[in-house]
Structures are given as structure tokens and as C-alpha cells.
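Asks: Residue numbers (numbering that gives the first Met the number 0), protein chains in the order written: chain E, 0 to 507; chain L, 0 to 83; chain S, 0 to 107; chain R, 0 to 123.
If you're looking for bench data, these hints aren't it; they were derived computationally from the structure.
Treat the numbers as computed from the prediction; the structure is a model and nothing was measured.
Among the hints, erroneous ones may be present.
What the hints assert, rightly or not - Straight line, CA to CA, 25 Å or less: simulated SDA-like cross-link-like pairs of lysine to any residue:
{"hint": "1", "chain 1": "R", "residue 1": "Lys116", "chain 2": "E", "residue 2": "Gly157"}
{"hint": "2", "chain 1": "L", "residue 1": "Lys76", "chain 2": "E", "residue 2": "Thr120"}
{"hint": "3", "chain 1": "L", "residue 1": "Lys76", "chain 2": "E", "residue 2": "Gly157"}
{"hint": "4", "chain 1": "L", "residue 1": "Lys26", "chain 2": "L", "residue 2": "His80"}
{"hint": "5", "chain 1": "S", "residue 1": "Lys9", "chain 2": "S", "residue 2": "Thr52"}
{"hint": "6", "chain 1": "R", "residue 1": "Lys116", "chain 2": "S", "residue 2": "Val93"}
As the list claims (entries may be wrong) - These stretches of chain L come out as covered by chain R in the derived footprint (C-beta under 8 Å, 3 or more residues):
{"hint": "7", "region": "24 to 34"}
{"hint": "8", "region": "54 to 66"}
Claimed, not checked - Label pairs and their calculated CB-CB ranges:
{"hint": "9", "chain 1": "L", "residue 1": "Phe4", "chain 2": "R", "residue 2": "Met103", "range": "36 to 46 Å"}
{"hint": "10", "chain 1": "R", "residue 1": "Ile11", "chain 2": "E", "residue 2": "Ile39", "range": "54 to 64 Å"}
{"hint": "11", "chain 1": "S", "residue 1": "Tyr7", "chain 2": "L", "residue 2": "Glu82", "range": "49 to 59 Å"}
{"hint": "12", "chain 1": "R", "residue 1": "Thr86", "chain 2": "S", "residue 2": "Leu50", "range": "36 to 46 Å"}
{"hint": "13", "chain 1": "R", "residue 1": "Ser93", "chain 2": "L", "residue 2": "Ala21", "range": "20 to 30 Å"}
{"hint": "14", "chain 1": "S", "residue 1": "Val75", "chain 2": "L", "residue 2": "Glu82", "range": "27 to 37 Å"}
{"hint": "15", "chain 1": "E", "residue 1": "Leu40", "chain 2": "R", "residue 2": "Ile11", "range": "31 to 41 Å"}
{"hint": "16", "chain 1": "S", "residue 1": "Tyr69", "chain 2": "E", "residue 2": "Ile39", "range": "24 to 34 Å"}
Ideal placement from N, C-alpha and C gives every residue a C-beta, glycine not left out.
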Amino acid sequence: MTETVTNLWSIPLLLIIPILTAIVVNFLYGKVKAIRVVAILSSLALFAIAVISPYGYHWFTGQPAVLLNGGYTYSVQIFAWRLSLELYFGYMQQIMIAVMSLLLIFVVAISTKVMSKNMGTYIGLIFLIYMSSAAIIMVNDFYHLWIAVEIGSLLVAGLVAASGESISQKAALKYTFFSAISGAGLAIALALILGITGYPNVSDAIVSMHINNIQGMQGILYVAFGFLVLSWIYAGGLAPIHPLKSDVYGASFPHATVMLQTQSKLMLVAIGLIILRVFGTLPFAKEVMLGISVITMMVGVVMALLQTDFRWTLAYLIISHSGLVTVGISLGTISGIIGGMFQAINDVLYMSILLLCCEAIYYYGKGTSIKSVSGMAKKAPWLAFAAVVGAFAASGIPPFNGFQSEIILIQASLASGLPEVAVVILMVSVTTFIALFKSIYCIFLKADSTPETEQAQSRQGSIPVPKVLYLSLGVLIVLVVLIGVYPQLATDFLNDAAIKVVSMPWVP
Amino acid sequence: MIDAFMVISYVMVVGITVGAVAALLQKDLLRAAFITGAESVALAFLFHALLAPDLGLTQAIVGTVLLPGIIIIAIFKTRRHEEE
Amino acid sequence: MGSIDSLYDKVKRYLLGFNRGKAYSSSMSGYMSGELQTLVFIMVLAAFFRLFTIPLGIVLVIGVVAAFLYFTPIIVAMERENSSDLNRVLFWVVIYFAVIMAITLWGL
Amino acid sequence: MIELTLQLLSFIAAGLLVVIGLGGMLFLDNLIKKIIAFTLLSDGVNLALVSLGYVEGGIVPILEPGSSYLNFPNEAALIFGPGIVLTNIVIGVSTTAILIALTMVLYRRYGTLKASKVLKGERK
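Isolated chain E, as found in the complex:
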């Protein structure tokens, strides 16, 4: 479908439907059945919109673009100053939002079955997190970028605090405190970029930086770059700020962590691409991003080794694999960016499998510490199979999708002359395997030795895991194997976005 549609109908729908659902679900506070129906219906509608929608722009200010000779035009083929706040829905946005909507359906179906108290606000928060990540992936102007990051951080704090224990309220408090510094920094970066280029629209800003001579502004560009990278680190949970984000992942319900990690991966990709488009030509810009993501990978995976709780191991693994995503993007080459975005999609999928298994263990009621829970393979064999598949996919073993994206990343880093990055990627995938299998061995494969689990085991043969969880695990496993065997299913969507970022940064 060629993309000439301006003021595309699907973009506002993708943002308004989650907000409406959040409001409606809040009103239906008590009635669980009604909430479940409304939530699942609207997430199916979102998935349908993401799949069938044509590609195009949505200009918020509505006035047409200004040509060089002063005339106006709505067409996007010829060059014109857009002067507008706009959202863009292209190939890359389509696959990212489609994958996220699929996960939204599973998360909503599971959480309405599993959650007992304050259901309405909880589901509303999940839908608003979907909205904030859909907004950030489609953004093409700095103003909406700033709003999406701000709203995203508030919603993360709300969702984490809603999961009840005091450790999650502490994590939410620390995370919200930090949103002040990153929000203020992003506002100043916005003001500096506006000061230098004079345009809030990202494409116009890039064009004006290419046309006008900004030799004297090098220092100011670096400060704007620094603040933008700070909010990139904050939204995605990268190196210096990863303890706050790992607390957020570890302290919330596993099914909520599925949405949290999807949001932070999408924010990493979206802000990373905007930083690359605007500051790609700045010397040392890509090296700073590369350094941050390599350190994140290392710290995340080493800390994952030390944890004795399955939930916290997964929390640190998510941090480490978001470092994998950003190392692809900060390489700056076309195959690097494709590898980074493909890794984001794969990572979201196989981490959801592991998190849903963790949800089943948590739902079984014994908590997820590997000291107290054991012998689950006998009680829930399909759960053990799904966890093993998720572990294999996470550590990049061939038939699954983790392998496809890691191979692209390794080739990209070797092609751009950085074998150390390839070494780090290989070690991260090996250590992921070690960390995951330590937990999986203790939880699933180890025999049921402790006495108090004797009576629990005698109570009933297999544990009461909700059917809908097995269904979503099945669909995810099929998807993971499908992308693992046919990677071009996903990479076709990502190619033109990567080429545009590298060669024509002014086209979104």
C-alpha cells in the first residue's frame, strides 16, 4: 500500500480507544464480567486496527505543508516545511504496535482472570501504558515525544504501585522521583533544539540543521544530546539508572511486567532512532550510546546471575536485553538498526513467555523464590516446556527467534569493526542461558524435597493454572518458532525504516 494518506484515520484511533477503554473500565468498577468483556473487545479492536491500517501521517495542526516557493501542499512526496506536530504510521510502527496489541490481548485476558481486587483501575492503567507506547513509537515531533515520555513514567509508577506490596510502592516512589530530573532535562533539550533549529517537527529540525551552518553551536548540541540521552536511559532503564527500572520489573506482577517491558523496549527504539536521526552526525554521539548499552548488557546479566528469585532474575535479564536492543541501534549502520529493532520484537516475545510462566508460578501461591518452589515439572508439565522454550529463545538457540536477531547484531558489529561488541553479545546470551537454567532447574526440574510442599503436592495433582494462560503461551511459542524459522516475516517491516534513518534522516 503506497503511503499518501495524510490525516490518517487509524492514528488517532490507536490513541483514543485505549483512553476511552480506561475511562469505561474505571466506571465499571465492581462488575468483573463486564470489565473482562470490554477490555478484551477493545484490545481485539486495537489489534485489528494495527493490522489493517494503511500507512501515512496525521498532522495535528492541520494546516498544509509550506513549499519553498511559498505554496501549500498536502502531498508528502515533494519536499516542504511541515511546521506541524505530526504522528507517522509506517511499516516499522505497524509491526511494533501489532506485536504490542497481541500481548495486550493476552495480558488483559490473564489479569482479569488472575486479579482479585481493584480490577477497574488496574486494567485502565494497562491500557494507558499501551497508549503511551503506541504514541511514542509513532511520534515525529519533539513535543509529543516529551509528553509520551512524561505520561509513560507516571503510568509505570501507577501500575507498579497498584501491585500492592510495600516493595513495589518503594520502587514506584524512587522511579517517580527520577521522572522529575528526566522530564526537566527533556524539556530543556526540547528548548535548546528549538532554539537552534526553530522547528518542533523532527523532520524540519533535521533539514534546517543540514541546510544552515551550525558550526558554532556544537556545545549546545551536545547539551541537548546529553539531556535527550538521559531521558532515553530513564525511559528504557539503561546503565546508570537501571537499578530503578529493575526494581520496577521485579516488584510488579509478572503479567504487568509484560506490558512494562514492552513499553520500555518501544521507548528505547523510538527515542534511539530520533537521537540517531538528529545527532547521528555529531562526533562521539554514537560512541556514547554504544558505551551505555554495552555497560547495561554487562551489568544486567551479571546481576541476573546473583538473584535467587525467578522474578528478579527475569527483571535483570530484561534490563540486559534492552542493552542488546540499544547496541544494535547505536551501531548506526543499516543492518545494526535492523538487528536492534528485530531484537526488540523478539525480546518482547520470548520475555513474555518467561514472564507468563513466572505468573503461573506466582499464581500458584508459593511466591517465585527458587528456594521455596520446587518440583513444578511434575505438577505443570506444559509450563515446564514453555519455560524451557522461553529460555532457549532468550539465549539465542537456532530454531527460535532470539538466534535470528542476535546473528544480525553480531554480523553488524563485526562489519562496523567492533569485535568486542560481538564478544559481549555472545557472552550475554551464554550468561542468560546460565542464569535462566539455574532458576528453571531449581523450580521445575529439582525433585520436591521440602516437607511442606509434600502436603501441597498431595492436595491436587496439577496446579490450577488458568486455561487462558496456556492458550497465550501456546500462541507465543508458535510465534517464536515461526519468526525463528522465517525471520523475514518481521525484518521486511523493518528494512525501509532502517534505510530511511541512515540515508534520509529527514523522512520519518
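Since the structure of chain E is already known, use the hints to place chains L, S and R on it.
Replies: Just chains L, S and R now, kept in the frame of chain E:
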């Protein structure tokens, strides 16, 4: 010729900085909340001086009434004096 | 002269000496593998500096190995450094800002 | 000596506010004091953004129907800074509300407002 407008701006800027430091050094949190309110009145005037009247109104309402109100609710629910 | 794996036993005994003497539990294995993993990661980080000059990279790698033998239980420092204490995270962000200001004022 | 115009004056005030806010957030041990430092920090940033677009002797950027719009761009102050600040004030209030709610919940659990006790690093 001393420009009255600039003199008031000087006073307001000094008021903001002194108010900010004073708010953070108070032992009694209630007084800190009131000083924050006073400080944002000066900020509202400065927004008017910097040709952003709509901001001045918003800041006057939000900074003077809403934020100290929220902080006072928090103090009411927790503890008034800062422990040593 | 002892079996092939005596080197492994030496390293294991050396590292086990530093732990609080708990029995060999699953968390202990995590700490030991974490320790060796951190060492290799820091060596790879040191090897990055070969981009500037090759000898600098070599010197740094050897320096990292020597430093490792000196303060061996680096995993404890690593875990403390990663604790989510708000002031520790804010400290690292202030260092991040200092680097930005240095680059800006240096006028790169 | 640089001539101290209103714009330079408010930039200095904004810088001071940001420094005081950041310092207060870092070093003060009381949670509510940290929240007050947070509001000061966002006030400082707002002041910096507004004084960015100030035009000496200019007019408020509202285009009355009667006035000529030819000379408007040179006289009017830049509207984009205040645009961001309007949203920033709203987001600042909602962030403060979340912070206060979480502080109250944690106070009920820990009985103290000292950040060193409440926000200790996690011992997983």
C-alpha cells in the same frame, strides 16, 4: 532613571531564591509549604513580566494554592516536624 | 603433579575463601560465576581502548587482570553498586552530567 | 560589565532554582522536603523555558484582530516556551500528587519520613 519595573523584578528574583532556600531549610514542614506558596507568587509575577500572562495565571493558581494544599494534606497524614 | 583440574580447584578454593563460609549453595554458584563473568567483561571493556592505540589496549587488559588479583571479591562491590538506593543512582547521574558539561565546555 | 536585562536576570534565577532543587533532592533526608525540592526544580526549568522566548520591549504573543500581522513576528515573544511550561505545570502537579500518595502509604508502613530508612537499597 531608576526603572520601577526592573526594581520590582529584582525584588521578585531575590524573593524566589531566598524563598527556595528558606523552604528547604525549615524544620517545620507546614511553614515550608507556605513559603513554597509565597515563592510561586513571585514566580507568577515574573511570568507576567516575561510576556506570558496565561502562564502567570496558571502558576498563581497552581503554585500558590494547589501544590501547598497537596503538601499540607501529606503533612496532616504523616508528621509535621522533621525528625532529627 | 596433581590432576588436570587442579588449576580449577585452586581458583575455586581461592574464590570460596572469600565467601562468608556458607555451604556450597545455589546462590554461592551465582556469586562465583558472577565474579568470573565480571572479570571477563571488564577485560573486554579494557580491550575496547585498542581503538585509540593498540599498546594502550594491551596494557589496560593486563592491568585489569592484576587489579583483579588485588581486590578479589569484586562481585560484592558490584552488587552494592547496583543497589537501588536513590542517592547512589542520583550520584551516578551527577557523574553523567559532569561528563556532558566537560565535553561541552571543552568545545569538542 | 554585562548590562543586566530582565531576560538575563530570570535566567540566573532559573539556574539558581534548578541548582537548589537538585541539591535539595540529593541531600535532604526528609521525603516531603525532597518533594518540595522536586517542585522547585520543575519551577526552575519552567522559568528557564519562559525566559528563553522573551523579547525586550515586545508584545504578548496574542494577535488581536485589529492589529497588523506584518510586524508581529519581530515584536511578539516566542510562544513555544510557555506552551511547554503549561503542560509542565500540569505534569508537575500530577507527579507531586503521586509522590505524596506513595509517601503517605510508605509512612503508614515504616512510620518514618527519613529517606535513608524508607528508600534503602533492596536486599533481594
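Asks: Each of the hints needs a verdict: does it hold here or not?
Replies: Quick rundown of the hints versus the structure:
1. Lys116/R / Gly157/E: holds, 22 Å
2. Lys76/L / Thr120/E: holds, 24 Å
3. Lys76/L / Gly157/E: holds, 20 Å
4. Lys26/L / His80/L: The hint holds at about 6 Å.
5. Lys9/S / Thr52/S: The hint is violated at about 35 Å.
6. Lys116/R / Val93/S: Given pair Lys116/R, Val93/S holds - Cα atoms ~22 Å apart, limit 25 Å.
7. 24 to 34: Held - the region 24 to 34 of chain L has 3 residues with a Cβ nearer than 8 Å to chain R, which meets the minimum of three.
8. 54 to 66: holds (count 7)
9. Phe4/L / Met103/R: 36 to 46 Å: Since the Cβ atoms of Phe4/L and Met103/R sit about 43 Å apart, the hinted range of 36 to 46 Å holds.
10. Ile11/R / Ile39/E: 54 to 64 Å: With Cβ atoms ~56 Å apart, the hint holds.
11. Tyr7/S / Glu82/L: 49 to 59 Å: Holds, at about 53 Å.
12. Thr86/R / Leu50/S: 36 to 46 Å: Holds, since Thr86/R and Leu50/S (Cβ atoms, about 42 Å apart) stay within the stated range.
13. Ser93/R / Ala21/L: 20 to 30 Å: holds, 26 Å
14. Val75/S / Glu82/L: 27 to 37 Å: holds, 32 Å
15. Leu40/E / Ile11/R: 31 to 41 Å: Roughly 56 Å apart at Cβ, these two residues miss the hinted range, so it is violated.
16. Tyr69/S / Ile39/E: 24 to 34 Å: At roughly 59 Å between Cβ atoms, Ile39/E and Tyr69/S fall outside 24 to 34 Å, so the hint is violated.
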